[in-house]
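Here are the chains, one letter per residue:
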Amino acid sequence: MAKIILNINSKKYPLEADPQMPLLWAIRDLAGLKGTKYGCGVAQCGACVVHLDGEAVRSCVTKVSRAVGKKVVTIEGLSETNSHPVQKAWQDIDVPQCGYCHSGQIMSAAVLLREKPDPTDQDIDDAMAGNICRCGTYLRIRKAIHMAAEVQKKAVKG
Amino acid sequence: MENQTLSRRNFLKSSAVTGTVFSLGFYWPNDAKSAKIIQATEADNFGVEMNSWVHIDTSGKVTIFDHRAEMGQGSYQAVPQIVAEELEVNLSEINVVFAPGDSKKYGNQVTGGSSTVRGSYKNLLKLSATAREMLIQAAATQWGVPKMECYAEGGHVMHKPSGKRKHYGELVEAASKLVAPKDVVLKKRSDYKLIGKPLRRLDTPLKTNGTAVFGLDKHIPGMLYAAVERNPRLRGKVKSFDDTGARKIVGVKNVFKVKMGVFNTYREGVAVVADSTWAAIQGKKALKVEWDDSGFEHLDTEEIYKRQAEALQTQEGLLFKTQGEPSEIIAKAAKKIDVIYETPYQYHAAMEPLNCIAHYQDDKLEIWGPIQAPEWVQDYISKEMSIPREKVIVNMTFLGGGFGRKAFMDYPHEAAVISKEIKAPVQVVWTREDDATQGPFRPGITYRCEGVISNGEIDAFKVRMAGQNNDHWRGGKKDVANRSTSEGFLKPYMDSIKNLAIMDVPFETPIPTMWWRSVYASTNGFAYESFLDELALEAGKDPLDFRRAYLKEERLQKLIDKIQEVSGWKDRKKGDGYGVAITECFASTVAQVVKVSRAPAGGVKIDKVWAVMDCGWYVNPDTIKAQIEGSVVMALGAATIHQVKFKDGMAVDNNFSTYQMPRITDIPPIEIYIMDNDADAGGVGEPGLPPFAPALTNAVFDLTGKRIRTLPFSLQAV
Ligand code: FES
Ligand code: FES
Numbered sequence: 001m002a003k004i005i006l007n008i009n010s011k012k013y014p015l016e017a018d019p020q021m022p023l024l025w026a027i028r029d030l031a032g033l034k035g036t037k038y039g040c041g042v043a044q045c046g047a048c049v050v051h052l053d054g055e056a057v058r059s060c061v062t063k064v065s066r067a068v069g070k071k072v073v074t075i076e077g078l079s080e081t082n083s084h085p086v087q088k089a090w091q092d093i094d095v096p097q098c099g100y101c102h103s104g105q106i107m108s109a110a111v112l113l114r115e116k117p118d119p120t121d122q123d124i125d126d127a128m129a130g131n132i133c134r135c136g137t138y139l140r141i142r143k144a145i146h147m148a149a150e151v152q153k154k155a156v157k158g
Numbered sequence: 001m002e003n004q005t006l007s008r009r010n011f012l013k014s015s016a017v018t019g020t021v022f023s024l025g026f027y028w029p030n031d032a033k034s035a036k037i038i039q040a041t042e043a044d045n046f047g048v049e050m051n052s053w054v055h056i057d058t059s060g061k062v063t064i065f066d067h068r069a070e071m072g073q074g075s076y077q078a079v080p081q082i083v084a085e086e087l088e089v090n091l092s093e094i095n096v097v098f099a100p101g102d103s104k105k106y107g108n109q110v111t112g113g114s115s116t117v118r119g120s121y122k123n124l125l126k127l128s129a130t131a132r133e134m135l136i137q138a139a140a141t142q143w144g145v146p147k148m149e150c151y152a153e154g155g156h157v158m159h160k161p162s163g164k165r166k167h168y169g170e171l172v173e174a175a176s177k178l179v180a181p182k183d184v185v186l187k188k189r190s191d192y193k194l195i196g197k198p199l200r201r202l203d204t205p206l207k208t209n210g211t212a213v214f215g216l217d218k219h220i221p222g223m224l225y226a227a228v229e230r231n232p233r234l235r236g237k238v239k240s241f242d243d244t245g246a247r248k249i250v251g252v253k254n255v256f257k258v259k260m261g262v263f264n265t266y267r268e269g270v271a272v273v274a275d276s277t278w279a280a281i282q283g284k285k286a287l288k289v290e291w292d293d294s295g296f297e298h299l300d301t302e303e304i305y306k307r308q309a310e311a312l313q314t315q316e317g318l319l320f321k322t323q324g325e326p327s328e329i330i331a332k333a334a335k336k337i338d339v340i341y342e343t344p345y346q347y348h349a350a351m352e353p354l355n356c357i358a359h360y361q362d363d364k365l366e367i368w369g370p371i372q373a374p375e376w377v378q379d380y381i382s383k384e385m386s387i388p389r390e391k392v393i394v395n396m397t398f399l400g401g402g403f404g405r406k407a408f409m410d411y412p413h414e415a416a417v418i419s420k421e422i423k424a425p426v427q428v429v430w431t432r433e434d435d436a437t438q439g440p441f442r443p444g445i446t447y448r449c450e451g452v453i454s455n456g457e458i459d460a461f462k463v464r465m466a467g468q469n470n471d472h473w474r475g476g477k478k479d480v481a482n483r484s485t486s487e488g489f490l491k492p493y494m495d496s497i498k499n500l501a502i503m504d505v506p507f508e509t510p511i512p513t514m515w516w517r518s519v520y521a522s523t524n525g526f527a528y529e530s531f532l533d534e535l536a537l538e539a540g541k542d543p544l545d546f547r548r549a550y551l552k553e554e555r556l557q558k559l560i561d562k563i564q565e566v567s568g569w570k571d572r573k574k575g576d577g578y579g580v581a582i583t584e585c586f587a588s589t590v591a592q593v594v595k596v597s598r599a600p601a602g603g604v605k606i607d608k609v610w611a612v613m614d615c616g617w618y619v620n621p622d623t624i625k626a627q628i629e630g631s632v633v634m635a636l637g638a639a640t641i642h643q644v645k646f647k648d649g650m651a652v653d654n655n656f657s658t659y660q661m662p663r664i665t666d667i668p669p670i671e672i673y674i675m676d677n678d679a680d681a682g683g684v685g686e687p688g689l690p691p692f693a694p695a696l697t698n699a700v701f702d703l704t705g706k707r708i709r710t711l712p713f714s715l716q717a718v
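The listed protein sequences correspond, in order, to chains X and P.
For the first sequence, position 30 (counting from the first letter as 1) is numbered 30 according to the working numbering, and the numbering increases by one without interruption.
For the second sequence, position 195 (counting from the first letter as 1) is numbered 195 according to the working numbering, and the numbering increases by one without interruption.
Just so you know, the hints here were simulated from the structure itself, not pulled from any lab data.
Misleading hints may appear alongside valid ones.
[Unchecked claim] Footprint (simulated), chain P over chain X, 3 or more residues, beta carbon under 8 Å:
id, segment
1, 29-35
2, 41-48
3, 100-112
4, 134-140
[Unchecked claim] Some chain P residues well away from chain X (every beta-carbon gap over 12 Å; in silico):
id, residue
5, D183
6, I422
7, Y550
Small disclaimer: the values here were computed from a predicted structure and weren't measured.
The C-beta atom is built at its ideal place from N, Cα and C for all residues, glycine as well.
I would like the entire structure built from these sequences, with the hints used as guidance.
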C-alpha cells in the first residue's frame, strides 16, 4: 500500500493504493468514478479507455503508479456539460444501445478527432478497432465520428 | 431525466413527501390474462399496494415505472413514448424509474422473448388514455362545462370555446377522486404525435457522460467486493482449497466455500471477499482449489458433434409436427437431398460481465444488479434461502447487455449467499474469464435435413435437430420434443408443404445451456433457410420466388415484395453473390438479403445487407433500426468469428483475445426498412438476428458454388 495522489478531471484524489493496482480499479473503487468501465481486463475491449496526459490508454492494464503526476481525464471529465463534439454527435444519432462500451468509445473517438480533425474511414478503423461493442453500434459510431468532425470544424471556424 | 432505481420502501418514502399524487396502476390477478386498471383508492380492495405505473404529482410531473429491464433494446424509451402519447404530455416531463421486481404489481417482468412492447402496449395505451380522460373530466367539472368541449395537450387540459387551460398538476387531486371510466377511446394510429416517430432515446445522454448506473457501478454504503473461483467444469463440487496465498493479498478479508443454484443443480466455488474489486480478483488468482467433478463427463467439442451426427443417423426422434407422408416419400425417392448442418455453442458476451450486489440483514434480502428477470430471482432465492418472497427485494439497474444470460438466477443467488455469510453488503464481480467460461451457453445443434423435389415443388421435407433442450434445466419433460424445434421457421410453411416432418432427437451433455438472443431461431434459422435454398436450387427456381410460392399470406407477400424491391433482387444476375433468408421470431418476420463479392486479398467480403422487418404496430422506428443493426453484427460474429469450444469438459477461450468479437472493421453497410401495418405488435430486439447467417451463406453459395453447412466459417478462407 502506498499513499498516492491522482489528478483526475483536474481534481486531486489522495488515495491509498497498491501501486500495482490497475488505474481502472483505482478510478472506480478508490476515487468512486464509475463512468470508466471494466470489460476484459486484458487490453482487448477498450471499455476502460481514459486519457493520460491527453493520450488514450487502457486503464485496465495501466498501473496506477504510472498515472501519478499525470493528468487523468475520464468520461466524467471530457466536458462539463455533456457537450464535447463527440458526445453531441453520439446524442444526435442515438449511438448507444446498452451504453456500456460507450465511455471507452467516446474517449477513443475524442483523441482521434484531436489528432485527425477530418478522419477518413480508414483513420476511424485504425483508431476504433480496439473498442468492442457487443450491441453492434459500429455503423452509428462511424457516422457519429464523421458528424463530430463537422461540428468541430464549424466550431473552429467560429 | 433522473436515472435511478427505487426500492419499494424508498418509493413509499419519496411518494409520501410529494403529497397528493394521481396514480393509476394495473392489477394483475394471478389467473387473469390481462390487467385491470385500478386507482389508489381501490387498491386496498384488491389487496395490492399501489405505486405502480403512472403517477402525476401536483407539479404536473409524471413518473412512470418501467417494468422491464433496459439492456440496450430501448424499453427505457418505448414505455414512456407509449404513455406520453395517450396521456398527452411532453416526453421531457416524464421521469422514468425502474420498477422493482414485483409481478403482483407489474405482471410478467421477465425481459426476454422481445416482449416488452408487444406484451404490454395495449394495457399501457389504455391506462394512459384513462388517466387523460379523468384529468379532462376533473377540469370540465371544475369549469362547469361539458367534458366534450375539453381536450388535453402538452400536460394541460384545454377548454376549446373559452380558451381556458389548466395544468395537469392542478387537476391531480380532483382526478384522483374520480372513478376510472371503464372504456376509453384510444387514438387512431394516424393521430399519433409520438408513437411511430424516430424520437431520440431518453437514456442516451446518461450514456455519453458516464452517469448511467449499470449494475457494476452501483455502490451501497459499507459494501465489500467478492470474486469467486468456480469449478471450471461447470458442475461439481469443491474438494478442498488452500487460501494461504489469497489471505496474503492486502485487502482480502475472508475466503470461504459457496454454493449457488443453477436451476435444479448446484455449482460450488470459493469466494474471496475484499475491500476492492482488484484485491478480490488478486485473491481469487492466488487460490489453489481441488475440484470434485466425479460423475460429470469431460467432453470435447469434436465428441459432441460426433454424437449428434450419430444420433441423427440412428434415431428418428420425438415428433414435433408432421403431415402427409414425408418419410415414405423420402424412402422411395430416386433422388433426395440429405444434408447435415452444424451450429456452434455460443457465449452471450455482454460487455458488462455478470455482477450483483446483495445485502442480507434481519432475515431480509435486498438485491441490486443488472437483472433481466427480477421475479424469477425473487422466487428462486426465496425458495433456496427460505426467505419470504416479499422480503426479497430486487432492484434493477441499467444492463450493459443481457442477451438472455441476465435472465438467470445463479449470480444473484450466489451474491445473496455470500452476503449472508459475511453479514455485510457485497458486490460479486465476475471477471471476463468467469463470464466467458462458466456458461450457460447457447446450445450447439446439428440438423439433418432431407427433402425430395418433384416437378419443381417440395414433395417431402423432413428436418431433425439434435441438440440440448434448454427446458430440461428447468425440469422440462424429456419425452416430448423441444417446444422450439420449429422456432424461426415461418409457420405458413407448415401448412403449405404437404409432406412435412419436424423432429427433435434428444441429446444431452453436462454443459449448461440456455437462451441466447433469438434462442433456437438463431440456429434453426440457419439450417432451415439454408435447406430451402438447396431445395430451390434442386427445383431450378429462383430462391425468393421459390419461397414466395409457399408463403401465401398477404403480409408475407408484401414483405417479399419489399425485400425484392429494395435489394434489387430481380436485377441481379446468377453468380453475383446474393443470398436471401426469411425467418420468424417472437411474432415478427424479417427478410434479409446479403451481397458478397471476392475480396482482393482472397476470401469473400460482405458488401451489403438489406433487412425488412414486419413487426406490426411499433413505437420507435429508429430503435428498431438500431436493434436490427445490432442483431446483424451479433449474427455476423456467431456465423463467421466465434464459437465456444470445449476441451476436457471446460470452455477453452476465456477472453476476447481468443474469443474474438466483430469489430468496427468488420461491419458492412446495413439498409433497413420497416413494414407499416396495423397488425399486433411483434418483438423487436431479437428477430433481426436469425436470417443473417443463412442469407450470408446462401450468398456465398451464389458467388462461389460452395455450400457452407457448418458455422462458424471463415470469410477469408472461402
Ligand atoms: S477493460 Fe481494458 S481493454 Fe477491456
Ligand atoms: S452499446 Fe452495448 S456494448 Fe456497446
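- Minimum Cβ separation between D183 of chain P and chain X greater than 12 Å? holds, 36 Å
task: Run the C-beta distances from I422 of chain P to all of chain X and say if the shortest one exceeds 12 Å.
output: holds, 17 Å
Checklist entry - Is the Cβ of Y550 of chain P more than 12 Å away from each Cβ in chain X? => result holds, 31 Å
Requested in this report: Closer than 8 Å, Cβ to Cβ, for at least three residues: run that test on the segment 100-112 of chain X against chain P and report holds or violated.
Outcome: holds (count 5)
* Asked: How does the coverage statement for the segment 134-140 of chain X fare against chain P, requiring three or more residues with Cβ below 8 Å from a Cβ of that chain?
  -> holds (count 7)
inquiry  = Just to make sure I understand the rule, a stretch counts as covered if three or more of its residues have a C-beta closer than 8 Å to a C-beta of the chain. Does the segment 29-35 of chain X meet that for chain P?
reply    = holds (count 6)
Using C-beta distances, would you say chain P covers the segment 41-48 of chain X, given that this needs three or more residues below 8 Å?
holds (count 5)
The earlier numbered hints are all upheld by this structure, with none contradicted.
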